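Mind docking chain S on chain D? Use the hints.
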Amino acid sequence: MSYQIPKFRHPGLPVNELGYTKAAYEGSISTLCAGCGHDSISGAIVRACHELSLEPHKIAKLSGIGCSSKTPTYFLGKSHGFNSVHGRMPSVVTGAAMANRDLLYLGVSGDGDTASIGMGQFTHVIRRNLNMVYIVMNNGCYGLTKGQDSATADQGSAGKKGDVNPFSAIDLCSTALQMGATFVARSFSGDKEQLVPLIKAAMSHRGFALIDVISPCVTFNNTPASTKSYEFVREHAEATGTVDFVPMREEITTSSRPGAAYEVTMHDGSVLRLYEDAGDFNPLDRRSAMMAMMNHQHDGTILTGLIYLNKNSRDLHDVLQTSHRPLNQLEEGELCPGNKMLVNINASLR
Amino acid sequence: MKRLESVNDFVIKFANVNGTGSASANNLFAKALFRMGLPVSPKNIFPSNIQGLPTWYEVRVCEQGYLGRRGGVDIILSVNPQSMAQDIREIEPGGYFIYDSTKPLDLRLVRNDITTIGLPLTRICNEKYKDPRQRQLFKNVIYVGALAALLDMDFKVLTDLVADQFKGKEKLILPNIKALELGHQYAKENFDCPIGIRVKAADKVGDKILLDGNTALGLGAIYGGATVAAWYPITPSTSVVDAFEKYARRVRIDPGTGRRNYAIVQAEDELAAIGMVIGASWNGARAFTATSGPGLSLMSEFLGLAYFAEIPTVLFDVQRAGPSTGMPTRTQQSDVLAAAYASHGDTKHVLLFPSTPKECFDFGAHAFDLAERLQTPIILLTDLDLGMNDNMSDPLAWDDSREYDRGKVLTAADLDNMERFGRYLDSDGDAICYRTYPGTHPEKGAYFTRGTSRDEQAVYTEKGEEYEQNMLRLLQKWDTIKEHVPRPEIIPCGKPTDMAVLYFGTSEASSREAVDYLARDGINLDAMRVRAFPFNQEVEDFIDQHERVFVIEQNRDAQLRTLLMAEFEFGPDKLKSVLCFDGTPVSARNIRKQILEHLPGNNVTPLHRKIRANGVGERA
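Sequences listed follow chains D and S, in order. Here the first sequence stands for residues 2 to 351, where the numbers follow the numbering used here. Here the second sequence stands for residues -4 to 615, where the numbers follow the numbering used here.
Looking at chain D on its own, in the form it has when it is part of the complex:
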């Protein structure tokens, strides 16, 4: 690409605990359409990682195929990235996470990549409760092939061509709850104030964390008849109780305001505060969360915010009882039993 990201940064940009400005978390310049919701999500990822003072090289970003899956080029330029095959990112992350449990795994996918070709891997990575953040940039259409309906397009919605989608939609958050996800959230690319703390909370969660981010496709699916347009989502979104995320390192008092309904200590010691602004359900209770999802679907509104969190999540490494040391750091001496054992095995085979 001929685009160059400008090197100049304001000298007064704030630095985080590692001494990094936000620039340390940016990637190449985006080649997505101007106004694409995905770019806002990339921005939210950059902000969340910067504010959490994460070491960029300790993050691995992986994706499938599609507009959404191109975005890992546009953030975290110091992290290893892996743009795999269509719909199969979850399996690649699973293998990577088995090899090295010490990195933070950020999977980025789209609605086509997740809800159609990758539906099988999506549901199975949830059941295994792999320790990863899974962000869906959900625009209800296949952007890179010019706007076909995806499986998350709502029945009755219409994109740029004007054809009304006759099929029922797959709701990724409901599916995730059904599959036993331990962290489920939905957000909107146009609402960074909500999205950034959700990403931070997801990154602190031990286990599978889904954030389904509705992210309008300005080119093919931002029409008056679309239910994934900026206008429709703004009008129909109903946020759950707002979320404050307090990283472990900060004093809890600094960024808190009174009236928290729930205060949840995350696996890494961070604290998640949920306020009862609009929430009419308990996001720490799976049944209550599922009911809330159904109620909102029935009312034609979009429930955003933290939908469900399981505090007692056990991730795949816990279940498989893998070594605390990353498997990719084990030495030959620990892996190879040597000839002596073969002598015994041979003897038993005679």
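Read the hints as simulated data drawn from the structure, not as lab findings. A quick note: this is a predicted structure, and the numbers were derived from the prediction, not measured. Treat the hints with caution; some may be incorrect.
Claimed, not checked - With a straight-line Cα cutoff of 20 Å, these simulated DMTMM-like cross-link-like pairs (lysine to aspartate or glutamate) come out:
1. D:K341 x S:D425
2. S:K439 x D:D103
3. D:K341 x S:D249
4. D:K341 x D:D286
5. S:K343 x S:D425
6. D:K341 x S:D394
7. D:K59 x S:D249
8. S:K490 x S:E460
9. S:K241 x D:E335
10. D:K341 x S:D202
11. D:K147 x D:D164
12. S:K183 x S:D237
Chain S alone, transformed into the frame defined by chain D:
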């Protein structure tokens, strides 16, 4: 009638019902002969079913040491009425039919050119045992006891073996020995023992072991340092991961914490399994999957990614009879082309062809070194015959001074000392580039792995010349690979000849035997066993040196021959096919017959030409 007479040289086939515990009794029989110092090759011919269908177990005993299928059956031991008509027809003239005579033999089945021996197995069991399960299980042990008398086996070897097998379950030893004795006694009292075919202890197995290839592969993965296994259950490869897990539980538990120094993930399908292997390998762990034909088909897209993005990948394919679901419990060597060129676009993959359990172990461990050194998928092609049958093999050995070759991987210090890192930059001239594991260095060495075209810095590109340059480098790497993969095994016949045989994998034993038969007919053949793809220079030279080369393989379409013609441009007249694809291991007699048919003076049209000429062919 002339009875078959032989010492230490015969084929016996057990006809059983599957799910009745017959396999362990038959295995007891084979192993006892092995312990008597006799080379044995047991072959389990089983249905894709859990209970109730016919299943067979064929054991060849051959003091000369031929381990392939000979062809033909000298003794049938029949306890399955379902398959009795078919079984009895199969016996060589002069052979023996031993059956459960509780129910009288259907007169229509009686053959006058064989010896019929009736053992009232069901009646004996019904008299001695009350529990139905015991009646079923001990029936098998009783006929082994009877065979011991009929064939003059060393009874003590059998009883010792029972004691070994039930070590830790001592309560089972005596009842099993009792059952052996019941059969032994019945045969002694009612027949002239031994029959014309008999065994005699010999010292013909040396330090050999009896082991199935899948267990050897699982062990190879342990010794090769694999820490991640991802798989989806499929016959006949399932026992590879079972074996890996069995030994990992023994040797890979961290003594301090009790935690596991391995991870096994049963995936939702083969696509996910290979994806996990690629993810783990990308992240610096040694990882593998095991599958069979249908799984290989599903893995194709990911294999293309691993080839193009240059990610080490180890895949064990235990081949079975295709196409599609094919005959899932029968053997074939029919994934050669699908594996060699798996995936769309210009792709080629490294193949390894082991032929014994020892080689499954060696190649299984070596595959990880090769994958990391060459940064590409390594597909090890074994098959059901080698994978699931006990094969007599050289013992397994590991050189403790050997070190893993982890390939070109940069450390943080390496990165600090270099000017610019380029993931796809060929700085050594061998077309293999340096890689980094994620998380190595805070500032340097990060790159983007992708299945799209990219430049030497791993940055996306759509420039034709950059794409082409990369594809040509991959082709150059292919040449580097030829220097690293196992070389062929060449066995000259020691006499002047312009003819040769070429084979791979499990066709080895029968091919070698056929070459010996043909030498007795005055036909001298040099032999070469190909052990890997890409073919090394020696393979080309060997074919060049001969006028005519018979390519022996167990598939319909002569896949290895096609591969040889594609890579070397040899003409079809030079390479002649010898094929077996009925799902059973190729036999020496079959190979001999087909080679004779190819020779001048034998006015027989090869099968494929006959099919072309007549539409439908009868077997040539």
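Each hint tested on the structure:
no. : hint            : verdict
1   : D:K341 x S:D425 : violated, 37 Å
2   : S:K439 x D:D103 : holds, 19 Å
3   : D:K341 x S:D249 : holds, 19 Å
4   : D:K341 x D:D286 : violated, 54 Å
5   : S:K343 x S:D425 : holds, 17 Å
6   : D:K341 x S:D394 : holds, 10 Å
7   : D:K59 x S:D249  : violated, 25 Å
8   : S:K490 x S:E460 : violated, 53 Å
9   : S:K241 x D:E335 : holds, 17 Å
10  : D:K341 x S:D202 : holds, 16 Å
11  : D:K147 x D:D164 : holds, 14 Å
12  : S:K183 x S:D237 : violated, 42 Å
Violation of the numbered hints given earlier is confined to hints 1, 4, 7, 8, 12; the remaining hints are satisfied by the structure.
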